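> Residue numbering for the sequence shown is 1 to 172, as defined by my numbering.
Hints listed in this document are in silico derivations from the structure and should not be mistaken for laboratory results.
Computed from a predicted structure; not experimentally measured.
Built from N, CA and C at the ideal position, the CB exists for glycine as well.
Watch out, some of these pointers could steer you wrong.
BS3-like mimics (lysine-lysine), calculated; alpha carbons at most 25 Å apart, straight line [claimed, not checked]:
#, residue 1, residue 2
1, Lys43, Lys72
2, Lys134, Lys72
3, Lys118, Lys54
4, Lys144, Lys91
5, Lys54, Lys72
6, Lys144, Lys162
7, Lys72, Lys119
8, Lys119, Lys54
Ranges between beta-carbon positions, derived for each pair [to be verified]:
#, residue 1, residue 2, range
9, Gln156, Gly116, 21 to 29 Å
10, Asp114, Lys43, 16 to 24 Å
11, Asn147, Ala25, 35 to 43 Å
12, Asn167, Glu108, 25 to 33 Å
13, Leu45, Asp13, 42 to 50 Å
14, Thr84, Asn167, 32 to 40 Å
15, Asp13, Lys144, 47 to 55 Å
16, Ile37, Tyr151, 18 to 26 Å
17, Lys91, Asn147, 20 to 28 Å
18, Asn167, Lys43, 40 to 48 Å
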Amino acid sequence: FLSDWSDSMNDGDGSKARVTAHSVAAMLEGLNDFSRIVAESSKALGYDVDLDTKTGVIGFGNAAHTLKPLGKDLTTQDRCRVATSVANPLKEGTADFLALDEVSSFYENNPNFDPGHKKIVMVLTDGQSNDVGKLATALARIRKIPNLTVYAIGIQDFNAKKNYAPNGTTIT
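All chains, full assembly: derive it from the sequences and hints.
Take a look at the structure:
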């Protein structure tokens, strides 16, 4: 998950930041429960299901900040750090492209990390970006990674659609 942690998420009443924090927390918890259920079912059935769910969270303002390292575990410390950080945006700009570049660099430098497995990057943002040109370049770069799909979830703004997927589908 890449979470907008910039000043544009400070919208007076804090609703953008709260919605984003709740969304990230719900998705992390859901994937954690899903992994646990698959592991328990696999053990009960007596065969291994090759489904390895890992999550990570990077917040972005003027820089990319790892809030939860990529991995299977979801600790209480991870939960608290992610929820507190995302709910309290930085007084910074929106260098979303740096978070995308961090993910691209990870997979480019670790080509044998989960080869063949589906990789999903979910960007939660209001869609404002410091530099839409650099964002477009970062999106083109990350989309070259095999088996990786980027989804943008717009928080109270449709700039996410304009900047991430102009031909994409809007669900309201």
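> Indicate, hint by hint, whether the structure satisfies it.
To see whether the hints hold, each was checked on the structure:
1. Lys43 to Lys72: holds (17 Å)
2. Lys134 to Lys72: At roughly 31 Å apart (the allowed maximum being 25 Å), Lys72 and Lys134 break the hint.
3. Lys118 to Lys54: Roughly 11 Å separates the two Cα atoms, so the pair holds.
4. Lys144 to Lys91: The given pair, whose Cα atoms are some 32 Å apart, is violated under the 25 Å limit.
5. Lys54 to Lys72: holds (5 Å)
6. Lys144 to Lys162: holds (20 Å)
7. Lys72 to Lys119: Holds, at roughly 14 Å.
8. Lys119 to Lys54: holds (9 Å)
9. Gln156 to Gly116: 21 to 29 Å: violated (37 Å)
10. Asp114 to Lys43: 16 to 24 Å: holds (21 Å)
11. Asn147 to Ala25: 35 to 43 Å: violated (26 Å)
12. Asn167 to Glu108: 25 to 33 Å: holds (26 Å)
13. Leu45 to Asp13: 42 to 50 Å: holds (48 Å)
14. Thr84 to Asn167: 32 to 40 Å: holds (36 Å)
15. Asp13 to Lys144: 47 to 55 Å: Check failed, 40 Å falls outside 47 to 55 Å.
16. Ile37 to Tyr151: 18 to 26 Å: holds (23 Å)
17. Lys91 to Asn147: 20 to 28 Å: With Cβ atoms ~37 Å apart, the hint is violated.
18. Asn167 to Lys43: 40 to 48 Å: holds (43 Å)
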